[in-house]
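Sequences and hints are given; from them, build the entire structure.
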Amino acid sequence: MERSHGRRKRGLRPVFELVFPASLTSASGAERSAEGAPNVPDERGVLEGGTKSPLALAPESAALAPAARGRARPQARRDGLSGAALHRQWWVPYLWLAPSLAGIGVFGIYPFVKAVYLSFTSTPPLGGDSTWVGIENYVLLAKDPEFWLATRNSVLYTLVVVPLMVVLPLLLAILVEKRIPFIGFFRSIFYTPVVASMVVVGLMWVWLLQDQGLINSILRGTHLIHRGIPFLSNSWLLLFSAMGLTLWKGLGWYMVFYLVALANVPRELHEAAQIDGAGAVRRFLNVTVPGVKPMMLLVGTFTAIGCMRIFTEVYVLSGTTGGPGGQAETLPFYIRSAGLDPSSGDAGYGSAISVVLFALTLGFAILARRLARGDEPS
Amino acid sequence: MSVQALAGPRRVRRRSRLRAYGRPWELALRYLLLLAVMVLLVGPLAWQALTSLKGPHEDISGINATILPSEPSLHAYQVVLGQLPMLGYIRNSLVICLLTVVSQLVLATLGGYMLSRPGWRGRNAVFLLLVASMMFPFESVMVSLYIMILGLNLSDNLLGVWLPGFIGAINLLIMRAAFMAVPIELEEAGMLDGAGEWRRFWSIFVPAARGALTVIGINTFIGAWDDFLWPLIVLRSDANFTVTLGLSRLQNSAFGFDWRVVMAGAMVSVVPILLLFLFTQRYFYRGVAAGAVKL
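Quick note, the sequences are listed as chains A and B, same order. Using the numbering used here, the letters of the first sequence map in sequence onto residues 1 to 378. Using the numbering used here, the letters of the second sequence map in sequence onto residues 1 to 295.
Source of the hints: derived by calculation from the structure; they are not laboratory data. You may find that some hints are simply not true.
Simulated crosslink set (SDA-like; lysine to any residue; CA at most 20 Å straight-line) [stated by the list, open to error]: (1) A:LYS178 with A:SER344; (2) A:LYS293 with A:ALA273; (3) A:LYS293 with A:LYS114; (4) A:LYS178 with B:LEU154; (5) A:LYS114 with B:LEU154; (6) A:LYS114 with B:GLY88; (7) A:LYS178 with B:ARG30; (8) A:LYS143 with A:VAL155; (9) A:LYS143 with A:LYS293; (10) A:LYS178 with B:ARG282; (11) A:LYS178 with B:GLY151; (12) A:LYS178 with B:ALA28; (13) A:LYS114 with B:GLY151; (14) A:LYS293 with A:ALA368; (15) A:LYS178 with B:LEU152.
Covered by chain A, per the in silico footprint, the following chain B stretches (three or more residues, Cβ under 8 Å) [unchecked claim]: (16) 22-36; (17) 50-58; (18) 70-79; (19) 121-132; (20) 163-175; (21) 248-254.
Pair ranges (Cβ atoms, derived) [unchecked claim]: (22) A:LYS143 with B:GLY256: 55 to 65 Å; (23) B:GLY256 with A:TRP91: 22 to 32 Å; (24) B:LEU68 with A:HIS223: 16 to 26 Å; (25) B:GLN83 with A:PRO230: 26 to 36 Å; (26) B:LEU152 with A:ARG152: 33 to 43 Å; (27) B:GLY256 with A:LEU269: 47 to 57 Å; (28) A:GLN212 with B:PRO85: 49 to 59 Å; (29) A:TRP236 with B:ASN64: 29 to 39 Å; (30) A:ASP129 with B:LEU186: 53 to 63 Å; (31) A:LEU168 with B:GLY55: 33 to 43 Å; (32) A:LEU164 with B:GLY62: 42 to 52 Å; (33) A:LEU269 with B:GLY55: 51 to 61 Å.
Nothing here was measured: the structure is a model prediction, and the numbers come from that model. Backbone N, C-alpha and C fix where the C-beta goes; we use that ideal spot for every residue, glycine too.
Rendered as structure tokens:
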């Protein structure tokens with residue numbers, strides 16, 4: 001038990017260094033940024049092992065610090081004081097950290113406090129004084145059909161995308177796991193949609209899916225249909241097309257996660273199962289899946305939170321409108337239109353939706369943690 | 001005679017290597033699937049590139065359209081770079097990317113170094129603060145962030161796009177981990193030689209963490225280049241648009257009906273980032289390689 005736990009941590013560690021940089025460093029911290037953020041530290045860092053475990057989160061591989069050879073040394077240093085600490089004034093570390101701490105306090109933590117405050121006010125989005133309105137925004141929210149529509153779309157998005165995003169990249173990772181000639185080429189190629197911006201790939205998809213696009217042309221060519229399928233002009237099809245786009249762009253990203261996890265499934269288990277006469281499907285279900293289960297949970301959590309944050313896919317595929325009559329809009333879409341529209345928006349109302357969005361993402365993170373706990377043999 | 005003697009063992013060796021890849025039909029099936037996935041994942045990009053290269057009088061959709069351009073031309077690129085302010089968009093994106101990369105690298109290195117040093121009061125509290133700041137999805141704070149940016153008079157300003165992202169908690173944590181992995185003997189040797197804190201930081205720790213710095217730099221650049229929602233909120237006037245905003249605007253502009261032009265615009269904005277990825281991809285995979293999968 002103890003050992004399997006340890007293996008899991010070791011397996012996940014390298015992922016963080018891959019995952020975090022790309023996901024969390026965008027200029028404004030937008031797009032994918034917080035996708036991994038709310039839960040990873042929770043999962044590995046704060047929640048599992050108190051203040052000590054942040055070290056578990058820390059990517060300490062040789063890749064990041066080529067000079068690092070000895071793994072045991074940092075451990076020793078952690079426990080005892082190194083000589084340097086004795087020569088340092090107490091305020092010196094804060095001097096080094098001052099700009100970072102200021103930035104993270106002002107732009108990382110304060111905005112959420114302010115969002116909670118704003119949600120109890122009515123505030124013009126173009127600047128001006130707030131007026132305190134108490135819980136009125138939340139009361140209005142409960143009766144707002146557009147809010148429920150956006151919530152339904154976001155939740156539906158999550159329910160459809162999460163299972164697929166947990167399974168499909170795993171299959172892809174199994175496909176590229178074996179080291180055969182040119183496999184590095186395929187891995188890189190499969191990663192390219194991840195690097196491109198969502199606007200670019202969204203436009204590509206519009207060009208493929210519109211009435212005169214390639215997919216409808218091919219379908220017409222086969223005479224299966226006579227009129228084009230309205231992928232982008234029917235709000236349901238638009239929503240499902242956006243889900244397809246999310247999946248398509250995320251495949252390579254989570255493939256990398258699973259490659260790391262697969263490498264930590266002991267080869268002997270596969271061989272033993274093979275000797276026992278288990279076929280490929282059986283081995284997948286009884287050896288591979290249990291072996292990568294912690295990673296599946298992690299991917300599921302990331303994806304669930306990512307799905308609550310869908311904006312650009314719907315924005316680009318619908319040509320800024322959110323679908324016919326805004327029927328395909330998601331929660332972030334509604335936050336933007338309700339909170340920041342210069343003429344009809346109210347930043348207070350938008351902040352109330354923001355708080356609900358945060359609660360939903362937090363809910364997913366806690367749910368995943370529960371699942372992970374229930375999973376561990378005690 | 002001698003040729004045969006040479007050829008024999010070589011053939012055997014090759015066959016044994018092939019055997020390591022599995023049974024032939026299995027290997028063939030694997031490549032077939034790989035190619036299928038490749039068409040699925042890269043096909044749209046290729047179609048975009050081909051469309052952008054088609055001539056202005058050529059059908060790009062419908063029965064008469066061909067896969068390869070029948071009248072290849074760079075006309076669409078001339079429109080994008082000449083008649084549309086794409087170069088201005090690229091400049092704006094570059095400004096934001098460079099500001100972000102520089103501020104993130106400098107601050108994450110300074111802060112990550114101190115976070116990695118033991119024995120100072122408040123270290124754990126600072127760490128928890130960083131982790132807590134990562135809990136909030138951007139979408140749930142974008143309204144209040146915008147109100148703040150408005151208060152600072154930075155609305156419709158590139159600095160307003162950059163400011164909230166000038167430092168990210170995660171990069172501090174990554175640099176902290178990289179510095180923790182530096183062998184303590186190096187630091188001790190520096191101290192024996194009488195090097196002060198700054199000297200040790202600059203001459204010992206920073207060079208040792210070059211790999212982590214590269215990873216952070218590349219990923220920060222790509223993240224800033226691809227960012228859409230925040231610039232969409234902050235920027236109003238065309239002259240300040242970033243590449244992603246400009247593209248989105250192009251889709252709904254008078255040029256949007258000509259998909260050659262839209263696809264050319266998309267190509268112009270994605271090719272630099274793809275090149276950056278291809279030339280630096282070993283850094284993308286380095287972590288995985290260290291994890292176990294050797295590429």
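Does the structure break any of the earlier hints, and which numbers would those be?
Hints 1, 3, 4, 6, 9, 11, 15, 17, 18, 22, 23, 28 and 32 not satisfied by this model.
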